[in-house]
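Based on the sequences and whatever the hints tell you, model everything.
Number of protein chains: 2
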Amino acid sequence: MNIPNPTYHRILDAAQDLIQVRGFNAFSYNDLSRTVGIKTASIHYYFPRKDELGEALTRRYREQFNLVLTEISEQYPDAPSRIERYMEQFLATLGEDGKICLCGMLAADYETLPENVRTEIRTFFTENEAWLAAVLEQGRAEGVFVFETKARDTARAFLSTLQGAMLTARIFDDKDRLRVAAASWRKAVLGTANKVGKENSSAT
Amino acid sequence: MNIPNPTYHRILDAAQDLIQVRGFNAFSYNDLSRTVGIKTASIHYYFPRKDELGEALTRRYREQFNLVLTEISEQYPDAPSRIERYMEQFLATLGEDGKICLCGMLAADYETLPENVRTEIRTFFTENEAWLAAVLEQGRAEGVFVFETKARDTARAFLSTLQGAMLTARIFDDKDRLRVAAASWRKAVLGTANKVGKENSSAT
DNA sequence: TTTAACCTACCTACTTGTAAATAGATAATG
DNA sequence: CATTATCTATTTACAAGTAGGTAGGTTAAA
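One line per chain: the protein sequences are A and B, in this order. Throughout the first sequence, residue numbering follows the numbering used here, covering 1 to 204 in sequence. Throughout the second sequence, residue numbering follows the numbering used here, covering 1 to 204 in sequence.
Take the hints with a grain of salt, since some may be wrong.
No distinction is drawn between identical chains; accordingly, a pair holds when it is met within one copy or between any pair of copies.
Derived DMTMM-like pairs: lysine to aspartate or glutamate, alpha-carbon spacing no greater than 20 angstroms straight-line [said to hold, decoys possible]:
{"hint": "1", "residue 1": "Lys99", "residue 2": "Glu52"}
{"hint": "2", "residue 1": "Lys150", "residue 2": "Asp176"}
{"hint": "3", "residue 1": "Lys50", "residue 2": "Glu137"}
{"hint": "4", "residue 1": "Lys99", "residue 2": "Glu115"}
{"hint": "5", "residue 1": "Lys150", "residue 2": "Glu74"}
{"hint": "6", "residue 1": "Lys187", "residue 2": "Glu148"}
Please keep in mind that the hints were generated in silico from the structure rather than gathered at the bench.
Structure (structure tokens):
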């Protein structure tokens with residue numbers, strides 16, 4: 001199997017969709033079989049065991065997410081825009097029906113997952129927190145953000161807010177809950193210097 | 001079956017433990033059977049279908065949580081202490097090995113759940129948000145909290161932060177992540193008027 | 001003619017759920 | 001008081017479906 005094999009990625013795509021909606025323990029090779037259009041045995045050909053699928057998927061997600069982070073850093077020089085775009089990335093996920101962040105979902109399933117998948121999930125959070133902390137620190141240096149705690153801790157709190165808000169936004173079928181949580185956070189945690197900009201509230 | 005039947009509640013207790021750790025789709029009547037010490041058929045005697053178990057459990061959790069909220073309101077008159085105690089309630093849950101908030105977990109499983117359970121979960125969040133909003137508003141009126149957004153939105157954002165922080169605190173096996181996320185809010189959202197007190201940071 | 005990609009057929013274990021039987025306690029009746 | 005009936009909690013036995021996974025075969029292209 002050469003790695004850019006289309007089927008390989010179609011399986012991962014299908015698995016990602018299912019997990020982001022239903023979680024790791026509520027989808028089966030049978031589900032994949034139907035959406036991808038090949039038999040379950042063929043899926044085992046690519047991913048012999050379910051946890052190998054989980055590992056490959058989480059790694060791909062993490063790597064793709066890092067690409068997005070790099071892209072944001074390249075396209076948006078100022079810290080507030082970077083935070084704004086970061087939030088919108090999650091908002092876009094929420095836009096796809098009933099989906100939340102893959103790693104947010106897997107964080108909930110964490111105790112049932114094999115160690116190789118767990119490691120990937122932790123890495124996802126660590127990397128995201130590091131990127132966010134850097135942006136927050138940048139904003140503080142530029143005088144545009146004001147917060148007292150360590151940038152690392154503020155970054156963690158912000159990511160937690162987004163992950164939690166995705167959950168509640170979904171159960172209330174109200175994307176504004178994510179937007180508003182992020183806005184609430186900016187106004188408060190990122191303090192006085194509120195130059196975040198045009199307040200795109202296409203509210204409910 | 002008279003309702004305060006001990007077995008009835010032992011089943012709910014076991015189910016709650018399992019769900020808070022593993023989620024709704026990763027536990028079975030067989031698991032319950034082993035921990036409660038009766039056969040699966042006997043569990044069906046109390047809860048004919050799994051979603052009836054889910055509904056009864058979520059309702060009980062919600063009602064017990066409301067009792068705690070009332071108790072906090074009775075024992076702590078000032079808003080900052082109430083917020084503090086509220087946070088500590090989640091911290092206590094996290095203290096029980098690998099557990100997160102039942103309704104936080106079920107929010108992740110939401111798309112796979114029957115409507116009767118979904119309704120209970122939404123009610124849990126609505127009730128908690130209302131209680132928090134009232135406390136925040138109280139604090140603002142007393143001049144001890146400072147925040148710009150609507151109390152309702154701030155309450156939602158805060159609860160999202162706690163739920164999200166429980167997830168990350170668990171995967172990193174670091175309860176301080178929850179403490180610190182909450183502290184981040186206090187310092188900022190609860191703004192300038194930072195009289196919350198002794199800063200219990202038994203940090204990592 | 002080897003090999004990548006896929007299939008059929010199958011296995012074992014586990015899932016939720018039902019039906020019928022049973023043991024023990026409680027109550028009713030002669 | 002002895003017996004009969006009733007009720008509650010539980011069991012055994014089983015059904016029907018699904019889970020993850022394996023063995024071995026087919027096909028088409030390099």
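Taking the hints in turn, this is what the structure says about them:
For the identical chains of this complex, Lys99 and Glu52 are neighbours neither inside a copy (22 angstroms) nor across copies (26 angstroms), given an alpha-carbon limit of 20 angstroms. Only between protomers do Lys150 and Asp176 lie at most 20 angstroms apart by alpha-carbon distance; the minimum there is 14 angstroms, versus 28 angstroms within a single protomer. In the homo-oligomer, the alpha carbons of Lys50 and Glu137 never lie at most 20 angstroms apart, since the shortest distance is 40 angstroms inside one protomer and 49 angstroms across protomers. Within a single copy, Lys99 and Glu115 get their C-alpha atoms only as close as 24 angstroms, which misses the 20 angstroms cut-off; across copies the closest is 18 angstroms, which meets it.
When the C-alpha separation of Lys150 and Glu74 is checked against a cutoff of 20 angstroms, the pair qualifies neither within a copy, at 25 angstroms, nor between copies, at 34 angstroms. For the homomeric pair Lys187 and Glu148, the shortest alpha-carbon distances inside one copy (14 angstroms) and between copies (7 angstroms) are both at most 20 angstroms.
Checked against the numbered hints given earlier, this structure breaks hints 1, 3, 5; the rest are met.
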